[in-house]
Amino acid sequence: RKEVEQDPGPFNVPEGATVAFNCTYSNSASQSFFWYRQDCRKEPKLLMSVYSSGNEDGRFTAQLNRASQYISLLIRDSKLSDSATYLCVVNRAGTASKLTFGTGTRLQVTL
Amino acid sequence: EPEVTQTPSHQVTQMGQEVILRCVPISNHLYFYWYRQILGQKVEFLVSFYNNEISEKSEIFDDQFSVERPDGSNFTLKIRSTKLEDSAMYFCASTPTSGAGEQYFGPGTRLTVT
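Each protein sequence line maps, in turn, to chains A and B. Going by the working numbering, the letters in the first sequence line up with residues 1 to 111, in that order. Going by the working numbering, the letters in the second sequence line up with residues 112 to 225, in that order.
Here chain A stands alone, though its shape is the one from the complex (with noise of 0.2 Å):
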């Protein structure tokens, strides 16, 4: 089983759609979450941390389920910049250890 799964679309979606994705990760003693957005042959920029009490930031947010395992992030409001590939990402032993990536959620906002 793969240490973070995420579907990897694409999701296609109209300008102004909410739009949910869904990570599953397999080592329930991963200590952090995070959301990282990565456009096109670019690195991975940190969108957003998740912590258990859901957290959201303007149209972003962001929700983790430690019994399941499992992280979102839901989009409002999408719009054309948004579109880029949104990587899941768990960090396994606190504050200097190695990020786990999953092979991320790609994201096509159309007009």
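Keep in mind that a hint or two might mislead.
To be verified - Computed footprint of chain B on chain A; a stretch qualifies when at least three of its residues, placed anywhere within it, have a C-beta under 8 Å from a C-beta of chain B: (1) 44-55; (2) 97-111.
Unchecked claim - Derived, one-sided and incomplete: chain B residues facing chain A with beta-carbon distance under 10 Å: (3) 118; (4) 119; (5) 154; (6) 156; (7) 175; (8) 176; (9) 181; (10) 212; (11) 214.
What the hints contain is simulated information worked out from the structure, not anything from laboratory work. A virtual CB, placed ideally from N, CA and C, is assigned to each residue, including glycine.
Given the structure of chain A, go ahead and fit chain B onto it with the hints provided.
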């Protein structure tokens, strides 16, 4: 806003040659990392570095690879004898000592081995 920088942006080399990829992490960060991403695949961890020594390395990081922090700002990845399968984007990252472990990535070096 401080950023991780990497040079060169693109390196082409012949199989068997040595390459050195360079990174300047964010200045007050103390933990440094190298990752790679083969085209079309996921980002993979190579090595982490703290206090002038390797903290953790993956099975990819074999004897052909080494890392160094030669001075107070640079962090380098050396591949001693490149193979075709080393062709990938190599990302350097750093993380602050506090926080949840989020890492900040440089723009990457695209390594092409011919």
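Structure-based check of each hint:
With 4 residues carrying a beta carbon less than 8 Å from a beta carbon of chain B, the region 44-55 of chain A meets the three-residue requirement, and the given coverage holds. Counting residues of the region 97-111 of chain A whose CB falls under 8 Å from any CB of chain B gives 8; the rule of at least 3 is met. Taking 10 Å as the C-beta contact cut-off toward chain A, the hint placing residue 118 of chain B at the interface is violated, the least distance being around 14 Å. Checking residue 119 of chain B against chain A by beta carbon gives a least distance of about 15 Å; that is not within 10 Å, so the hint is violated.
Here the hint on residue 154 of chain B is kept, as its CB sits about 4 Å from the closest CB of chain A, short of 10 Å. This hint holds: residue 156 of chain B has a C-beta 4 Å from the nearest C-beta of chain A, less than the 10 Å allowed. The restraint placing residue 175 of chain B at the interface with chain A is violated, with a minimum CB-CB distance near 19 Å, outside the 10 Å limit. For residue 176 of chain B, the interface hint is violated, the least distance from its beta-carbon to any beta-carbon of chain A being 15 Å, above 10 Å.
Annotation: interface hint on residue 181 of chain B violated; nearest CB of chain A at approximately 21 Å, more than 10 Å. Taking 10 Å as the C-beta contact cut-off toward chain A, the hint placing residue 212 of chain B at the interface holds, the least distance being around 4 Å. Among the interface hints, the one on residue 214 of chain B holds; its C-beta lies about 6 Å from the nearest C-beta in chain A, closer than the 10 Å criterion.
Hint check: violations occur at hints 3, 4, 7, 8 and 9; the rest are consistent with the structure.
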